[in-house]
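Residues per chain are reported as follows:
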Amino acid sequence: MPMVRARDMIVLGLMLLGSHAMAMVTPSLASEVRAGLLLQTDDGRRSAALLQHTTVSFDISGLLVRTRVEQAFVHQGDGWVEGIYSFPLPDDAAVDRLRMQIGERLIEGQIHAREEARQRYEQARVQGKRASIVEQQRPNIFTTSVANIAPGDRVVIAIEYQQRAGYSGGRFSLRFPLTLMPRYIPGTPLLPSEARIGDSDQRPAALIIDNRAFGWAAATDQVPDAALITPPVAASGEPLTHRVSLSARLKPGFALARVESRYHPVTVTSIAPGELAIELADESAIPDRDFALEWEAESGAQPVAALLEHEQDGAYYGSLMILPPAPESGATPLPRSLTLVLDISGSMHGASITQARQSLQQAIAALRPQDRFNIIVFNNRSYSLFERPLAASPVNRMQALTYIAGLEAEGGTEMAAAIKRALSQPEQPGYVEQLLFITDGAVGNEAALFNLIQARLGRQRLFTVGIGSAPNSYFMRKAAQLGRGTFTFIGSSGEVQQRMEALLGKLDAPQMTAIGIDSDEALELYPDRLPDLYPGEPLMVTFRARQRPGRLTLRGSTGERPWQQSLMLKTGAENPAISVLWGRERIAALMDDYRQAGDPSARDALRQQVVEAALAHHLVSRFTSLVAVDVTPSRPVGELLATQVEKNRLPHGTSQQQIFGLAKTATSAPLQIAMGLLLLLAAWLAHAQGRRLVSCCMAIRKECDHA
Amino acid sequence: MLKRVPLLGVALGLAGLMLLTNGGWIWAKAQLAQLLLQRSWSAMQQQGRELKPWPWADTHALARLRLPALGVDQLVLDGDSGRTLAFGPGLNSNSGLPGSSRLTLISGHRDTHFRFLSRIESGMEIEVETLQGRWRYRIEARQVINIDEGAVSVSDNRPGLLLVTCYPFDTLEPGGPLRLLVWAEPAEQALAHTNDPALSAPQPQGLDPVRI
Chain A
1 MPMVRARDMI VLGLMLLGSH AMAMVTPSLA SEVRAGLLLQ TDDGRRSAAL LQHTTVSFDI
61 SGLLVRTRVE QAFVHQGDGW VEGIYSFPLP DDAAVDRLRM QIGERLIEGQ IHAREEARQR
121 YEQARVQGKR ASIVEQQRPN IFTTSVANIA PGDRVVIAIE YQQRAGYSGG RFSLRFPLTL
181 MPRYIPGTPL LPSEARIGDS DQRPAALIID NRAFGWAAAT DQVPDAALIT PPVAASGEPL
241 THRVSLSARL KPGFALARVE SRYHPVTVTS IAPGELAIEL ADESAIPDRD FALEWEAESG
301 AQPVAALLEH EQDGAYYGSL MILPPAPESG ATPLPRSLTL VLDISGSMHG ASITQARQSL
361 QQAIAALRPQ DRFNIIVFNN RSYSLFERPL AASPVNRMQA LTYIAGLEAE GGTEMAAAIK
421 RALSQPEQPG YVEQLLFITD GAVGNEAALF NLIQARLGRQ RLFTVGIGSA PNSYFMRKAA
481 QLGRGTFTFI GSSGEVQQRM EALLGKLDAP QMTAIGIDSD EALELYPDRL PDLYPGEPLM
541 VTFRARQRPG RLTLRGSTGE RPWQQSLMLK TGAENPAISV LWGRERIAAL MDDYRQAGDP
601 SARDALRQQV VEAALAHHLV SRFTSLVAVD VTPSRPVGEL LATQVEKNRL PHGTSQQQIF
661 GLAKTATSAP LQIAMGLLLL LAAWLAHAQG RRLVSCCMAI RKECDHA
Chain B
1 MLKRVPLLGV ALGLAGLMLL TNGGWIWAKA QLAQLLLQRS WSAMQQQGRE LKPWPWADTH
61 ALARLRLPAL GVDQLVLDGD SGRTLAFGPG LNSNSGLPGS SRLTLISGHR DTHFRFLSRI
121 ESGMEIEVET LQGRWRYRIE ARQVINIDEG AVSVSDNRPG LLLVTCYPFD TLEPGGPLRL
181 LVWAEPAEQA LAHTNDPALS APQPQGLDPV RI
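Chains A and B supply the protein sequences, listed in that same order.
Residue numbers 1 to 707, in the working numbering, belong to the letters of the first sequence in order.
Residue numbers 1 to 212, in the working numbering, belong to the letters of the second sequence in order.
In case anyone wonders, no lab produced these hints; they're calculated from the structure.
All values reported here derive from a predicted model rather than from experimental measurement.
Honestly, I wouldn't trust all of these hints.
[Said to hold, decoys possible] Stretch by stretch, here's where chain A covers chain B in the computed footprint (C-beta under 8 angstroms, at least three residues):
id, stretch
1, 75 to 82
2, 103 to 109
3, 162 to 170
4, 173 to 187
Glycine residues also receive a C-beta, built at the ideal position from the N, C-alpha and C atoms.
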């Protein structure tokens, strides 16, 4: 017995210390960085940054947004250079225009299949002609390359894209990312001969171009194109000259109640009736976090349906937004089984984990006694609080809150294991099974994760909460779409409460399912699998037909109750962007099929369809790029061309050491012991001094009494 | 009135004692955990599978690290998060175990488990034993790097052992940017898994003295 007790004591001591150490030591992960065992710094002869300024202007008209992004490359050093810059764009951006401006001259970009565009660019590069190319690495990661920039040159690359504004819960929104959170690259490194850049299918090496492999991560079996999505990141404290200015013209089409920029101070001026100009207060802002603009209609003026149309090449393109009437709530919601999945990897360190913790606390507070819940956290591994979802009893909740309070963000982002764990929990009959996935989505293996979600979802629903200054919006949107849930962004602690309330409201509310559209015309309609709708969310579809359909019928069901609504389409607002949007939606649908296709010939066929759709609508896609080439060579034969890769800034509120770098290998024990000894000394001194002070006081009082 | 002044001394004294115990706990835990790990390692070797060293552990022993010249014998854990390193040196999860084609990167605290790195010399033998077998390494080089200026690649396909700890050894403050890297080359092919602890250590031959 005494033996056992002694062991228990040790165990208890370890337990106490375990929780103590968690609070005291902030650890970190050693993640891989470029080649070279003991890589010290860059090669020293690094010249000044080429990319000086990005100017972004939005033209918002109703639901449609046209954006122009101008990247100014200025070469102040010597010699000829090629600049490469990887940057984020919204994940639904339909990039359809590239213009290269050198001095007064403008060169318009042409769309080509990716390999062909690359060859044209390479050829121009070798011939000494100025050229630029815009390639898509992920739907929200693009790369601009500019060849043959002369000393003293200023080359402006203007990219334009079309997009639809977000509309949910009566609020319109527009989000523009300004930097890339470094992506975690899972998998086993491939040998250089195995690495294929560009695509994970078995195509031969048309896409392998060595000097394009500019990233800090090596190719792995899970992310063969890792080098293309991991542009260099500026070290903390490293001065970067790159600044950004943003402005927007907003014609909402209704009376505005409110317009607000979430993370950047702006000035708003009225320039015409129903038209506002919005500008960043800071004309040269540091690009380290997403720009988010929101606007809301006056109550009663919220649009409930809108049709935009365009006729082109004998076809009718339509884009329809319709907000179904809110179903009357009355039925008590079913009990639910809520699994909260939290990313505690290194990129979540800092402000992000705080916001994530607050979000979790709010979700737990909103649980009802009849609900069940569980918490799963992950970094290099995944851990779950309970083995299966348990009742939301006060004890279990308390345990969960204690668990959350002790979480630290550190290590890698092995998301697949966490998704598997979350989606393969024991089934909970009689409960609505929901997953809340809280992450910044900083991973490079999105496609594999999407396939996993699709394969294992079953009757569960997955909602994503994008946390931090620069979440991966592509992951958030797609994972939620495949998970038949919704996505939410939380970018600051101040947003947690409002956003989580809205989200938790959606979890409770009955959604509209089995939505379909019938028409008197044959429609090529996207998205081809219509999503379920949560209250306050409109249905947004884009379609192509021979001519404008006379009537559309929407059907669906809320709970068990079927629902139907007919629309007469008399006239819509003409906008040439609608065909572009349709093309972009078609590509997204084809890429969904491509991701799931295992058979190489099926993939090839889909790839071909993507190329056709992209060429028809002049769109950049995974398989097509825009390329602009100057006519006359400018770099003399014999002059060398150096390549320079521009750096991205680490997102606001994150820690470089938590994302890159080695483990923290010192404890605070020596410091604590030294401080402890010092304090003991101080205590002794205070004691001694105190006595003297007391006797001194006594003496003074005596004097006073005498007086 | 009279009692208020000594209170300051008592408060300072209590705070001092608390810090002392906190610091002491960290060191005591580092030692105790290794004892529990030794026991679980013996069990793991018998059963040939992973076992948790204590019921709520979120890691387990992966390998046994020995440096006979300095009498070092420690169990290496899976992962190098702060929670893990409190109990023992940890293998970086992006690196590989000995026997794989990848670099083996093990980190440890400079004031507990990896204190011995302050006394290493080139040519010293290190043995790493996993459930699969035993590997020997010879210390070849060491280097101090500033992690704010560069990083270590663990994606290299170069087998070898890299031990990492904070530097310098006698600073009080944790969290500094300097790391001591100790590089050990594989000495020979894997030894067969036997229970014979004796090493047929070849003498270190004509290596350059280590430089920092």
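Do the hints match the structure? See the list:
Here the stretch 75 to 82 of chain B counts 4 residues with a CB under 8 angstroms from a CB of chain A, which clears the bar of 3, and the coverage holds. Residue count for the stretch 103 to 109 of chain B with a Cβ under 8 angstroms from a Cβ of chain A: 5. That meets the three needed, and the coverage hint holds. Look at the stretch 162 to 170 of chain B against chain A: 4 of its residues bring a Cβ nearer than 8 angstroms to a Cβ of that chain, three or more, so the hint holds. Residue count for the stretch 173 to 187 of chain B with a Cβ under 8 angstroms from a Cβ of chain A: 7. That meets the three needed, and the coverage hint holds.
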